Amino acid sequence: MSIPLLDPREAWRPLPPSAWNADLARHLLRRAGWAARPEDVARAVDQGLPATLARLFPTHPPTLARPVFVTRANERIAELQPLKRSAPSYEDRQILEREERDLERLSAAELAFQWLQNATDPARAPYEKWVFFLSNIYVVSLEKVRRAENIHRHFDVLRTHGAGLAPALAKAVSRSPAMIDYLDLNRSSRRAPNENFARELFELFILGEGNYTEDDVKEAARAFTGYRHNPREGFRLAAREQDRGEKTIFGRRGNFDGDQVIDLAFEQAAASTFLPREMARFYLTDAPPPGDYFAPLGEAWRASGHNLRELCLRFFGSLAFYHPAWRASHIKSPVHYYLGLVQDLGLDVIPLERSTLLPLRQMGQQLYYPPNVRGWVGGRLWINSSTLAARRQLAQTLCSPFDEQRLNADEKLDLLAARDAGRRRFTVDGDRIRAFTALGPQGIADRLCDFFLPGRVDEGYRQAIADYLSAARDAAAFEDRVRRATIAVLQSPEYQLS
Amino acid sequence: MNPLLPSTRREFLRLGAKGVGLLAFSRFAPQFLVQSTLAAPRPEKDRRILVLVQLAGGNDGLNTVVPFDDPAYHSLRPNLALREKDVIRLDTNLGLHPSLAAFHQLMQEGRLGIVQNVGYPNPNRSHFRSTEIWETASASDQSLSTGWIGRYLDNACSGPDIAPFTQDQDPDAIHINAEVPQSFGGTLPHNTYGLTLGARAGRAGRDEVALLERLASRPSASLAAHASHEHESANHAFLRATLMDSLVAERNIQRIIDQNRPEATYPGGNFAQSLRNVCGLIAAGLSTRVYFVSLGGFDTHANQLNAHANLLRQLSEGLAAFQKDLTARGLDEQVLTMTFSEFGRRPNENESAGTDHGTAAPLFVMGKRIQGSLHGSAPSLQLERNADVAFSTDFRSVYATVLDRWLETPADEILGARHERLSFLG
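So the protein sequences, as listed, match chains Z and S. Under our numbering, the residues of the first sequence are numbered 19 to 516, in order. Under our numbering, the residues of the second sequence are numbered -18 to 407, in order.
I should point out that these hints are in silico values taken from the structure, not numbers from a laboratory. Hints are supplied without guarantee of correctness; some may be wrong.
Far from chain S, by Cβ distances over 10 Å, these chain Z residues were calculated [said to hold, decoys possible]:
hint, residue
1, Arg73
2, Ser206
3, Ala210
4, Arg254
5, Leu331
6, Gly397
7, Ala407
Covered by chain Z, according to a simulated footprint, are these stretches of chain S (three or more residues, beta-carbon under 8 Å) [what the hints assert, rightly or not]:
hint, stretch
8, 98 to 108
9, 219 to 226
10, 328 to 336
Here the structure is a predicted model, which means the values were calculated and not measured. The beta carbon of each residue, even a glycine, is placed where N, CA and C say it ideally should be.
Build the full structure now, drawing on both the sequences and the hints.
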């Protein structure tokens, strides 16, 4: 039953140009991005694989400016601090503190909307997904970091360095205020090194468990002492808190600082296969083969100085990536499911917490709140009856007329602002369903399956949809059934896979 | 009830699409699905229920059950040590954290026991690995793919005299957090259900659910062929089975929770609300044997005192309300509750007024049948600088006791080795 994997020496060779076709392009677009729109598939086939990859993973990826709201919220939060200190009563201070908390929450929501809307742009989707992957390696959580501004900076670090050298990325992350707060670097000093960052650096960022000793962690913790940040300057090295003494790490002795520890970690053999294997887990399969399988890819990556863009080009251009064993079989994350729906249905992100962020949370992925420092593990862990119910609800919402009556005044203003910015397709409207009806039951069934589902579903699946559509008594009922059939396809097990 | 929906997954498996028989369906059905229909659990009247409470992040044992009389404790923790006048005294040496007054009350009523200094040899200080060790009941250097609850369910489902196609549609285990606990993984697939607070069942139209049911119940042959790598086609089958299970289970469970009328006052917060829902589900007579509830935030690397006090208050007041609710509804004979955490914390405080990852810690067992209050021995604090406590009770002894004397299953088989039984259950 099982398809044997390619020999590892073969697996990481480039896909021959003659093999490139629309099926493989769909696989690439769904896995490296979120969905495979017909026009994007045609373009990729036309361009060929290497040129497509070079376009999807740019050398100089575009940045994402800090949302205006976050900047204004920061200014207000700064104003609130002296007011809080001089508040005449406990109740007055409570009011100011609530305002501060609300500003932080809204800032975080604003960041999420901005990221989601950008990530739906097919031209940006693969790189933004890559940034999202990196954020699931270099994990921080807003729960502890608290300041949305620092989350924005952290993602900016990942975006800026994500196409460059991995050691430079790791060094920049060690200076990221969000990371400094999240893994307690801000509390680590010469006299009392805190091990939290050093341990996760080895275990979860660069090497993986079993590739370092407890002593390596203890010694490395000493090298990351004195890392501080403040709102004005950002990162700052507090010289007096820094341990400049001799350390022994991975059997090497020296007066290492944090950057040198990161270089030492990347010198370890395990560093070359750790990230490629995590990529396979994120992009290909929840049960990736052991680290050895990635050795040829890892060697090439090491030879490039651990260049992350090079790694992407090799990974997404390899025979292994397109191997049949790994097609139409990966369970979409909630973010993938959501953004896939938005792209497949040609929608804009609804800038309302209740319509967008709440469903993501109910599906098990609250943006910027990973469950712990390991990030989201994914695969089958995404799926249980309540998360499936939330996925079903989302498909239903996005395919039903948008009920603006239910919105409160603030929400209506947010929608107005989005419309002013040219974003107005929030759900599938009646016109789009009507445009569809001329195809007839069989034609609609084929269209739904071929557009939305990975792999090729069989006749029975198509027939079930065609039968359902054919049972409509009149034109209005038919239209209603087209909508409901679309929803059922998007809720079906097949659409949960990529 | 929607007549188009089969009332159980087993019925779905029997009927298949368009009423075809199981045999026709099983040409496509993965072997394990077919097996599971034959191995349906037997409904039981006087069933015993286990509620697992995870303290995620690593609970600080020394500030939970406090050796207030030990000078070493105070010198290890100049800022974090709790003083004698603040703790709730248990004996001349030990006291409970002041937030645990509700637990103290339960101890006096003989409903709560403490197993001290629980851990395992060669402790791992990674959250994930150590959680995995606890949830799979493995040795430190061993990697198991199944969880201890999953293996218990495997065992409970494999009796020889069980009729196929029972009408029992209740989940075998229910977890009240977004992720399925690793403990639940078995060799056989079990009908487990995740209940997320606030997530409501979808209000899909009746016909639409019927179409979805038809799409989910017929395997997509060529998709399966396309993705015929063993593991991945299993993903597809897994999705279909989970969807069918959830279609059946969701209306049932949502109705129970909507109608739940607790007979105790629960404190606010998600943790207590989760317990409130668990009590409602137990009271409704679900045949579910295991519930899993999680309270997070115990990873107190910095500024620990207030955060930890707050967590322990949520824990003790939530569980006390739960026990009171169970008692008022006459269910307390049936339910055993047990806490666990992936590790304790370092005996010495760090310079951030917090504690780093450590090893052994006490855990709590709660129920009407609990015997004795303090079990095992407290850790010795005669330690070298920055060293950890050595465990005195293996956590698998706690599991063995629960499996053997509460769930009445062959514990040694499930745990793969013989572990000493403890005296908190007779």
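Cross-check of the supplied hints:
1. Every CB of chain S lies more than 10 Å from the CB of Arg73 (chain Z), the least distance being 27 Å, so the non-interface label holds.
2. Chain S draws Ser206 (chain Z) into its interface by the beta-carbon criterion, the shortest separation being 8 Å against a cut-off of 10 Å.
3. Not every C-beta of chain S lies more than 10 Å from that of Ala210 (chain Z), the closest at about 3 Å, which undercuts listing it as non-interface.
4. The beta carbon of Arg254 (chain Z) sits about 18 Å from the closest Cβ of chain S, which is more than 10 Å, so the claim that it is off the interface holds.
5. No beta-carbon of chain S is positioned within 10 Å of the beta-carbon of Leu331 (chain Z); the least distance is around 25 Å.
6. For Gly397 (chain Z), the shortest C-beta to C-beta distance to chain S comes to about 8 Å, within the 10 Å cut-off, and the non-interface label is violated.
7. The claim that Ala407 (chain Z) is not at the interface with chain S is violated, since a C-beta of that chain comes within 10 Å of its own (minimum 5 Å).
8. With 3 residues bearing a CB less than 8 Å from a CB of chain Z, the stretch 98 to 108 of chain S meets the requirement of three and the coverage assertion stands.
9. Closer than 8 Å: that is the beta-carbon criterion, and the stretch 219 to 226 of chain S has 6 residues meeting it against chain Z, so the requirement of 3 holds.
10. Counting residues of the stretch 328 to 336 of chain S whose beta-carbon sits less than 8 Å from any beta-carbon of chain Z gives 4, enough to reach three: the coverage restraint holds.
Hints 2, 3, 6, 7 from the earlier list are contradicted by this structure; the remaining hints agree with it.
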